[in-house]
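First to last, the protein sequences are chains A and B. Sequential numbering of the first sequence, starting at 6, is according to the working numbering. Sequential numbering of the second sequence, starting at 2, is according to the working numbering.
Everything labelled a hint here was simulated from the structure, so no lab data went into it. Please note: incorrect hints may appear among the correct ones.
Beyond 10 Å from chain A on every Cβ pair, some chain B residues (computed) [what the hints assert, rightly or not]:
no.: 1; residue: I30
no.: 2; residue: A58
no.: 3; residue: A66
no.: 4; residue: L81
no.: 5; residue: V156
no.: 6; residue: L170
Heads up, simulated DMTMM-like pairs for lysine to aspartate or glutamate below, C-alpha to C-alpha not over 20 Å straight-line [said to hold, decoys possible]:
no.: 7; chain 1: A; residue 1: K26; chain 2: B; residue 2: E54
no.: 8; chain 1: B; residue 1: K108; chain 2: B; residue 2: E119
no.: 9; chain 1: A; residue 1: K19; chain 2: A; residue 2: E68
no.: 10; chain 1: A; residue 1: K113; chain 2: B; residue 2: E119
no.: 11; chain 1: A; residue 1: K19; chain 2: B; residue 2: E119
no.: 12; chain 1: B; residue 1: K56; chain 2: A; residue 2: D29
Non-contacting residues of chain A with respect to chain B, defined by C-beta distances greater than 12 Å in every case (computed) [said to hold, decoys possible]:
no.: 13; residue: K14
no.: 14; residue: E37
no.: 15; residue: R130
no.: 16; residue: S139
no.: 17; residue: V140
no.: 18; residue: C233
no.: 19; residue: S240
Quick reminder that beta carbons are idealized off the backbone N, C-alpha and C, glycines included.
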Amino acid sequence: MKDMNLTLKIWRQKGANDKGKMIDYQVAGISEHMSFLEMMDVLNEQLINSGDSPVAFDHDCREGICGSCSMFINGEAHGPVKGTTTCQLHMRSFKDGDTIYIEPFRAKAFPVLKDLVVDRSSFDRIQRSGGFISVNTSGNTQDANALPIPKQDADLAMDAAACIGCGACVATCKNSSAMLFVGAKISQYALLPQGQVESKTRAQNMVAQMDAEGFGNCTNTGACEVECPKGIDLSNIARMNREFLGGSLKG
Amino acid sequence: MSVISADLFNNVSHFMGTNPVVQGLLQPILIFSVVFHFVWGMYLEYQNTQAREVKYAMYKGSANATWMSRNMIISGLAVLAFLCLHFYDFWIPEINVKYIQGDMSGKLPNGDYRYHEELVHKFAGQPIRVSLYVLSFVMLSLHLLHGFQSSFQSVGFNNSKYTPIIKKLGNIFAIAVPAGFVVVALVHFFAH
Ligand code: SF4
Ligand code: FES
């Protein structure tokens with residue numbers, strides 16, 4: 006395929022307290038083999054050369070592991086391809102002449118810092134409120150096989166632990182709900198014996214923090230599981246609801 | 002029932018309308034639940050809209066969720082509007098006759114039961130009311146198509162074996178029950 010010329014509509018915002026608006030840019034000579042972030046690099050080079058400020062965006066590993074790349078592309082978190090992060094999205098998913106909307110992940114709990122960069126520390130605070138286990142690891146670590154765990158549970162815990170905390174679930178949810186993320190973080194402990202010590206309070210505390218951060222409520226539209234790059238599914242939210250109800254009953 | 006036999010409908014209506022358990026216990030529970038459901042639903046919807054202050058310039062909701070699940074507030078408000086009409090049509094007159102005027106007989110001056118007669122009277126020759134009625138039940142159906150299975154997920158029930166069955170049963174329920182009410186309205190509209 007020949008190289009592409011594209012129109013980009015990008016959210017530009019100078020700082021957290023600025024208003025910000027969508028601005029149009031043209032890029033030319035984009036190869037289908039480029040990743041989406043490489044296309045952004047091309048744009049930024051162009052902007053720098055012409056004396057403009059480059060578009061700020063988060064990225065780190067560029068291989069779908071760190072969860073930092075957070076763009077809302079053409080109305081979908083991480084763009085049109087399922088099961089991928091923005092860094093794993095390639096330009097072959099677009100065609101010459103396309104107009105592409107690029108916006109930050111939007112939620113009250115994810116305030117924009119600059120352009121496409123948002124502050125996702127609300128996730129860290131939720132994690133700190135209950136996403137841990139109390140085990141003494143100083144020196145005398147137990148043998149891994151001393152604690153047999155059913156394969157089924159181990160697999161489900163592993164699936165839940167695949168969450169990279171990217172925030173696509175929040176960004177895509179019409180309610181800006183963080184339940185898929187929190188459900189995954191609760192599930193990865195709830196399924197394992199090591200996680201039982203705090204099981205009465207974990208869901209209560211994490212849900213309370215989630216509400217305090219200003220995330221919306223889950224209405225089970227299921228958009229999050231479709232857009233999640235790591236295939237975290239809704240059963241994790243159901244497990245969180247069970248843990249929460251169970252915790253409320255046990256007091 | 003009103004479609005099959007006027008007598009049956011009259012008898013059941015009279016029983017439901019005068020039985021103390023139904024009137025004194027079930028009716029208040031039902032009213033409380035309905036009010037709780039829509040007040041709470043609207044409050045959560047308000048919170049949810051507040052959770053995203055700046056809207057997206059481009060948002061493809063249909064790419065990852067059904068229309069029903071994204072528009073529960075629309076289908077819900079439509080059903081609520083219908084409930085208001087329904088209360089105006091049936092419930093308020095009913096309460097008036099029974100508890101304010103104190104006529105618990107359920108009879109017309111000529112000695113027949115009044116319920117079936119009143120029902121037919123509301124639909125026959127009333128194209129606007131019948132269309133509103135049908136439209137409302139379509140909305141109810143859309144509301145239930147998402148709501149039925151969603152309620153299981155909310156209380157934590159999600160199981161690879163039973164959830165698909167619940168979804169199917171929910172779909173059947175969400176279509177069959179409203180369709181039944183639509184049939185009642187249409188039959189009385191066309192048959193009289
Ligand atoms: S659940 Fe999925 S979409 Fe949400 S933060 Fe984790 S990896 Fe990202
Ligand atoms: S840059 Fe690390 S997941 Fe995309």
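*Non-interface claim for V140 (chain A) versus chain B (Cβ beyond 12 Å)*: Check passes; 27 Å lies beyond 12 Å.
*Assess, step by step, whether the Cα of K19 (chain A) is no farther than 20 Å from the Cα of E119 (chain B), and give holds or violated.*
Between K19 (chain A) and E119 (chain B) the Cα gap is close to 67 Å, so the pair fails against 20 Å, i.e. violated.
*Taking the closest pair, is the beta carbon of S240 (chain A) still more than 12 Å from chain B?*
violated, 4 Å
*Find the nearest Cβ of chain B to the Cβ of C233 (chain A) and say whether that gap is larger than 12 Å.*
violated, 10 Å
*Claimed clearance of chain A by A66 (chain B), with the beta carbon kept past 10 Å*: violated, 4 Å
*Going straight from one Cα to the other, do K108 (chain B) and E119 (chain B) come out at no more than 20 Å?*
Answer holds: K108 (chain B) to E119 (chain B) is near 11 Å, not above 20 Å.
_Assertion that I30 (chain B) lies farther than 10 Å from chain A (Cβ)_ = holds, 22 Å
*Can we trust that R130 (chain A) is non-interface, i.e. its beta-carbon lies farther than 12 Å from all of chain B?*
holds, 16 Å
*Non-interface claim for L81 (chain B) versus chain A (Cβ beyond 10 Å)*: holds, 17 Å
_Satisfaction of hint between E68 (chain A) and K19 (chain A), Cα-Cα up to 20 Å_ = With a Cα-Cα distance of about 28 Å, the restraint between K19 (chain A) and E68 (chain A) is violated, given a limit of 20 Å.
*Are the Cα atoms of K113 (chain A) and E119 (chain B) separated by 20 Å or less?*
violated, 52 Å
*asked:* For K56 (chain B) and D29 (chain A), compute the direct alpha-carbon distance and say whether it is at most 20 Å.
replied: holds, 18 Å
Violated hints for the displayed structure, listed by number in ascending order: 2, 3, 5, 9, 10, 11, 13, 18 and 19.
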